[in-house]
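For reference, the chains in residue letters:
2 protein chains.
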Amino acid sequence: MKKLNVEPLRGFRDIFFEEADIIDFVIKESERLARRWGFKKCFLPTLERFELFAMKSGVEIEKTMYVFKDKAGRTVALRPEATASVVRAYLRLLRAQPKPLKLFTIVNVFRYDEPQYARYREFYQADFEVFGSSDSYEDAELITMLHDFYDNLGLRHEIIVGSVKALRTILSEEGIDEKEQDVILHLIDKGKVDEALERLEKMARSPERAVETVKELVSIEGGEEVLEKGVEIMRQSGYGYSFEDLLQLTKYLPDDVKSVIRIKLAFARGLAYYTGLIYEVKVPGFPVSVAGGGRYDTLTKVYGWEYVPATGFAIGIDRTAMALSKMHGWRSERPTVVVIPLDEEARKEALAIARELASLDVDVILLTERKSIKKMLAYASEKKARVVIILGKKEISEGKVTIKNLDKHRQISCPRKSLLDCLADALKT
Amino acid sequence: MKKLNVEPLRGFRDIFFEEADIIDFVIKESERLARRWGFKKCFLPTLERFELFAMKSGVEIEKTMYVFKDKAGRTVALRPEATASVVRAYLRLLRAQPKPLKLFTIVNVFRYDEPQYARYREFYQADFEVFGSSDSYEDAELITMLHDFYDNLGLRHEIIVGSVKALRTILSEEGIDEKEQDVILHLIDKGKVDEALERLEKMARSPERAVETVKELVSIEGGEEVLEKGVEIMRQSGYGYSFEDLLQLTKYLPDDVKSVIRIKLAFARGLAYYTGLIYEVKVPGFPVSVAGGGRYDTLTKVYGWEYVPATGFAIGIDRTAMALSKMHGWRSERPTVVVIPLDEEARKEALAIARELASLDVDVILLTERKSIKKMLAYASEKKARVVIILGKKEISEGKVTIKNLDKHRQISCPRKSLLDCLADALKT
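Protein chains in written order, with numbering that gives the first Met the number 0: chain A, 0 to 428; chain B, 0 to 428.
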């Protein structure tokens, strides 16, 4: 008989044990962040109409979407990101909600990309969105949240901040249409500045001024102080933008958050729907950004609905987990207790004990398979149990249990009634 | 401009606020159950090769799968359930792990079914699987876990238990092939007993005996005591099965768990891979089962690999959440604090306060949009905040904050330094 091919599809993953525990930990921390800052959890469809994403996700995402026809002939797509779905649901159900409306969702997203380090075809994001707030004060809150999140994880990080308004204003005033703007921003995002400048030179009304200004902006990054330079460059070149949004933001940012901010005067990101402030979190030594976000004030209008200012970010769960395990390891703190029934007669009582411990929130593994005591103890060690509870005929008849501390190779006999006290003792380090 | 259609695809859902909170709560409780009983969390692909599910998922699931070709021409499917993926990953990576191996995953699954009450095209499951345990003792553990899970949720429930061996043995000994067995079991599962008996009569070697026996088994259900009747029926009709697995199970089950067990002598469930014990959790007054599981000892062999005894269950997250909100309502316990900066000058300090509270695990909503004080307080009420913290120019210059308890319409002025104590006071009920 032919063996089933047990490999997952290319770019997909089977995630177990420590790798799964770290991802789970990052998810839990994201949920805590959301709860603490008043973001309400929601669940949205994994599958959407293709047009939802086709309208404004950007050059890169469109190429890499999982698109297919369902049984009724609808063209559908596995979501490549969460924001479009949150906006759709907002327009459908939440327009009358008090503003600002803060929403949060954990999603699996899909991109048919060439798999490589930290890039998978299915990955996880924690997505935070705020509707009905046009103010940079909201962005200051979001960036503060991101900083605190990575700080709590103990990950050194830098938050790269910019505004797409800098480049968009120049390109618009040079008479370049939006589609071509997207291409030029995409090139700058990918570090292909020369190529971007070449295109710009060909298409701009005043090519020299445009190329000079963009070149200068691209070359400047640093702390808060670079904003003055940016204002000066824009004033001299005469374009109608002077970093108002970034100046406003830095006014509200707490000092410790400011200290991890790196401002890039000509910053661009992958998603085409951003309209103003954008940012990305980088962990030094980790090759790709671990989180990112920005303001997308016109997306509802692109969808043909009313204007709703909006802003948000997504935490890359997998990447954050990878950075965490790469940068400083990780281990679970909770001790495990293995319960071992030696004989048939002890099995019912062993289940009762496992159940009692579980109800007290102790992590317990009941040994449900018959094995030699040696093999059972080996199993407990492999499961990294600190303590095993052993009971056989003898223990049952005497109303006792045997408690063995595997770290200290110490074993005591304990009255069944005092189980919890004995266990607490045995678990003491 | 054409407005985007903001409806989700048919059978898919946008889940917000209380509905989302209940689902989230059920997920958290499932995770707690897994941790307490030593089930290790894993993450598996949402998309798999079609053949993985095509081999043994059963008549119903095959018809309703989301199948399509990816960009490389592979025939792929959105998972209709989790067990097949867990088994695949087990065969790929985990064969050398110490047994029993207990795994757990939370998944979104997809079925292109006709949407109806409590049936969606995307829904959520908490999936528990155990590999390498052939013993009914393991099944006793799983059923005990399920009982405790629903007990903790405060949901009255019944666990319907049976063994596919009863019907399978009769059908096999009557010379009926496996595919036709699947059809007959499917009919019995769907309550179409007459139709099943008709087919049986046509195909059985000894039609009268077969029909009589199945008819009798189908008519009997009840507590532990019905097993004796089952044993007697099988003895008299001469088929080679006498409910050994169920007798073994009841030997191990704790008494309180036994009291919610209802044994069905001729029980069948939707999935074709079950080989022995099967069970379903029903909540009285709720029309569909909320969880189900069973033993599938031969699935690895169906896949062309070695024999690995295995058993497990899935909790229907959505259905459990629906039952929970239908049976006894549900509400979140955590109080929310809204922080209101009245003037520009107060915004930086308001963010600092929000951050301080968040770091202490208080749920806080910072008001990031400028509004009149009246509107801001209305916002706080709509968000069901118990307390608001107000600060404006005056408070900043005096080093104070104003704390308003919305329940009690009481307002105090509090030194900034004593914020936490004042807040604790204000939150007291």
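Hints are not guaranteed to be accurate.
Same chains, same names: a pair is fine if it fits in one copy or spans any two.
What the hints assert, rightly or not - DSS-like cross-link-like pairs, simulated, lysine-lysine; straight-line CA separation at most 27 Å:
| id | residue 1 | residue 2 |
| --- | --- | --- |
| 1 | K325 | K39 |
| 2 | K427 | K325 |
| 3 | K27 | K40 |
| 4 | K98 | K347 |
| 5 | K1 | K27 |
| 6 | K40 | K374 |
| 7 | K27 | K39 |
| 8 | K416 | K403 |
| 9 | K27 | K370 |
| 10 | K2 | K407 |
| 11 | K1 | K300 |
| 12 | K325 | K1 |
| 13 | K27 | K250 |
| 14 | K214 | K370 |
| 15 | K189 | K281 |
| 16 | K1 | K393 |
| 17 | K27 | K383 |
| 18 | K27 | K382 |
| 19 | K70 | K382 |
| 20 | K416 | K1 |
| 21 | K392 | K370 |
| 22 | K250 | K347 |
| 23 | K62 | K2 |
| 24 | K39 | K382 |
| 25 | K62 | K40 |
| 26 | K2 | K382 |
| 27 | K178 | K39 |
| 28 | K392 | K347 |
| 29 | K325 | K68 |
| 30 | K62 | K399 |
These are computed hints drawn from the structure, not numbers from a lab.
So, going through the hints one by one against the coordinates:
1. K325 - K39: between (31 Å within a copy, 22 Å between copies)
2. K427 - K325: neither (31 Å within a copy, 44 Å between copies)
3. K27 - K40: both (13 Å within a copy, 13 Å between copies)
4. K98 - K347: Close across copies (20 Å), not inside one copy (56 Å); limit 27 Å.
5. K1 - K27: Neither: 41 Å inside a copy, 40 Å across copies.
6. K40 - K374: between (45 Å within a copy, 24 Å between copies)
7. K27 - K39: For K27 and K39, the Cα distance is within 27 Å both inside one copy (15 Å) and across copies (16 Å).
8. K416 - K403: For K416 and K403, the Cα distance is within 27 Å only inside one copy (17 Å; across copies 50 Å).
9. K27 - K370: neither (37 Å within a copy, 33 Å between copies)
10. K2 - K407: neither (45 Å within a copy, 69 Å between copies)
11. K1 - K300: between (55 Å within a copy, 10 Å between copies)
12. K325 - K1: neither (39 Å within a copy, 48 Å between copies)
13. K27 - K250: Neither, since 31 Å and 39 Å both go past 27 Å.
14. K214 - K370: neither (72 Å within a copy, 41 Å between copies)
15. K189 - K281: within (16 Å within a copy, 55 Å between copies)
16. K1 - K393: Neither: 49 Å inside a copy, 79 Å across copies.
17. K27 - K383: both (23 Å within a copy, 24 Å between copies)
18. K27 - K382: The answer is both: 23 Å in one copy and 23 Å across copies each meet 27 Å.
19. K70 - K382: neither (46 Å within a copy, 41 Å between copies)
20. K416 - K1: Intra 55 Å, inter 72 Å, cutoff 27 Å: neither.
21. K392 - K370: within (16 Å within a copy, 73 Å between copies)
22. K250 - K347: between (66 Å within a copy, 8 Å between copies)
23. K62 - K2: between (35 Å within a copy, 24 Å between copies)
24. K39 - K382: Answer is between; shortest inter-copy Cα gap is 10 Å, intra-copy 37 Å.
25. K62 - K40: neither (30 Å within a copy, 33 Å between copies)
26. K2 - K382: Cα proximity of K2 and K382: none, with 30 Å in one copy and 56 Å across.
27. K178 - K39: neither (35 Å within a copy, 48 Å between copies)
28. K392 - K347: Only inside one copy: K392 and K347 sit 12 Å apart there, 68 Å across copies, limit 27 Å.
29. K325 - K68: Neither. Shortest intra-copy (40 Å) and inter-copy (36 Å) distances fail the 27 Å Cα cut-off.
30. K62 - K399: neither (66 Å within a copy, 55 Å between copies)
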